[in-house]
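Asker: In case you want the letters, here they are:
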Amino acid sequence: DVKVTQSSRYLVKRTGEKVFLECVQDMDHENMFWYRQDPGLGLRLIYFSYDVKMKEKGDIPEGYSVSREKKERFSLILESASTNQTSMYLCASSFWSATNEKLFFGSGTQLSVL
Amino acid sequence: EDKVVQSPLSLVVHEGDTVTLNCSYEVTNFRSLLWYKQEKKAPTFLFMLTSSGIEKKSGRLSSILDKKELFSILNITATQTGDSAIYLCAAPGAGSYQLTFGKGTKLSVIP
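Listed in order, the protein sequences are those of chains L and B. Counting from 1, one number per residue, gives the positions in the first sequence under our numbering. Counting from 115, one number per residue, gives the positions in the second sequence under our numbering.
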């Protein structure tokens, strides 16, 4: 079974702190994604990557950056956390395929910024 | 801009009821539509639909796609409390591998 692992289930940080959210997948997937999920807004794409060292902005990249130094690992960075970044963060991965866009999700990180 | 709209946003039913969840879409160069179930944290895959009129079935869950009217439905028969979850509908955008998600339908099944 595909496994997508996010390093923390719950995280509490202070405003202004630098925050790293880590995601690792074990199925050699080319594509990796970071979403945030907020009540009433659904899942919104922050960034995605289709290859090592490649990244593309999603719908809401402001205040975030990403890093993909190895194929299996995709990190989301909040350079200076703010209270409006309190949210559930979901990492996902998928194969590079035009006929199967199925995403595999991690269990999520609930981030609270105080 | 690609759009996926789900309705209703929330639903409360009694065990044993049958429910129908709706998903309409406006996506350039449509390829597929996917349904996910999110119980606690990680959404888990349910169905991927690519062809109109062909029902996909898994136990008490089934789904069908109408490419002419641009919508899909997810049916759950004889609901159980374990069906309580957020159900997400998504479609890939034109020429890309990123999914556009609907806001989800929160289903609560009460005994």
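If you are wondering where the hints come from, they were derived from the structure by calculation, not from laboratory data. One should not assume that every hint holds.
Label pairs and their in silico Cβ distance ranges [stated by the list, open to error]: (1) B/Gly-173 with L/Ser-82: 30 to 36 Å; (2) B/Thr-191 with L/Pro-39: 26 to 32 Å; (3) L/Lys-57 with B/Arg-145: 20 to 26 Å; (4) L/Lys-53 with B/Thr-195: 42 to 48 Å; (5) L/Glu-69 with B/Asn-136: 26 to 32 Å.
Straight-line distance between alpha carbons at most 35 Å, and here's what the computed DSBU-like set of lysine-lysine pairs gives [unchecked claim]: (6) L/Lys-13 with B/Lys-171; (7) B/Lys-170 with L/Lys-57; (8) L/Lys-18 with B/Lys-182; (9) L/Lys-57 with B/Lys-181; (10) L/Lys-70 with B/Lys-181; (11) B/Lys-154 with L/Lys-18; (12) L/Lys-71 with B/Lys-182; (13) L/Lys-13 with L/Lys-3; (14) L/Lys-70 with B/Lys-182; (15) L/Lys-3 with B/Lys-154; (16) B/Lys-170 with L/Lys-3.
The model shown is predicted, which means the values in this text are computed figures rather than measured ones. Virtual Cβ for every residue (Gly too), placed ideally from N, Cα, C.
Asker: Does each hint hold? Answer for all of them.
Answerer: Hints, verified against the model:
About 44 Å separates the C-beta atoms of B/Gly-173 and L/Ser-82, a value inconsistent with the hinted range of 30 to 36 Å. Here the CB-CB span from B/Thr-191 to L/Pro-39 is close to 28 Å, well matched to the stated 26 to 32 Å. With their beta carbons about 22 Å apart, L/Lys-57 and B/Arg-145 fall inside the hinted range of 20 to 26 Å. Separation of L/Lys-53 from B/Thr-195 is about 46 Å and conforms to the stated range, judged on CB atoms against 42 to 48 Å.
The supplied range of 26 to 32 Å is broken by L/Glu-69 and B/Asn-136, whose beta-carbon atoms lie about 42 Å from each other. For a cut-off of 35 Å, the pair hint linking L/Lys-13 to B/Lys-171 is broken: about 44 Å separates their Cα positions. The hinted pair formed by B/Lys-170 and L/Lys-57 meets the criterion: a straight-line CA distance of about 33 Å does not exceed 35 Å. For a cut-off of 35 Å, the pair hint linking L/Lys-18 to B/Lys-182 is broken: about 48 Å separates their Cα positions.
Distance restraint check for L/Lys-57 and B/Lys-181: the Cα-Cα separation of roughly 29 Å lies within the 35 Å cut-off, and the hinted pair is therefore satisfied. Pair hint L/Lys-70 plus B/Lys-181 does not hold up; C-alpha atoms about 39 Å apart against a cutoff of 35 Å. Taken as a hint, the B/Lys-154 and L/Lys-18 pair is honoured in the structure, with Cα atoms around 27 Å apart against an allowance of 35 Å. At roughly 39 Å between alpha-carbon atoms, L/Lys-71 and B/Lys-182 are farther apart than 35 Å, so this suggested pair is violated.
This hinted pair checks out: L/Lys-13 and L/Lys-3 have alpha carbons roughly 27 Å apart, not beyond 35 Å. Simply put, L/Lys-70 and B/Lys-182 have alpha-carbon atoms about 42 Å apart, too far for the 35 Å limit, and the pair is violated. Restraint check for L/Lys-3 and B/Lys-154: satisfied, since their Cα atoms lie roughly 16 Å apart, inside the 35 Å limit. At most 35 Å may separate the alpha-carbon atoms for a hinted pair to count; B/Lys-170 and L/Lys-3 meet this at roughly 25 Å.
Consistency with the previously given hints fails for numbers 1, 5, 6, 8, 10, 12, 14, ordered from lowest to highest.
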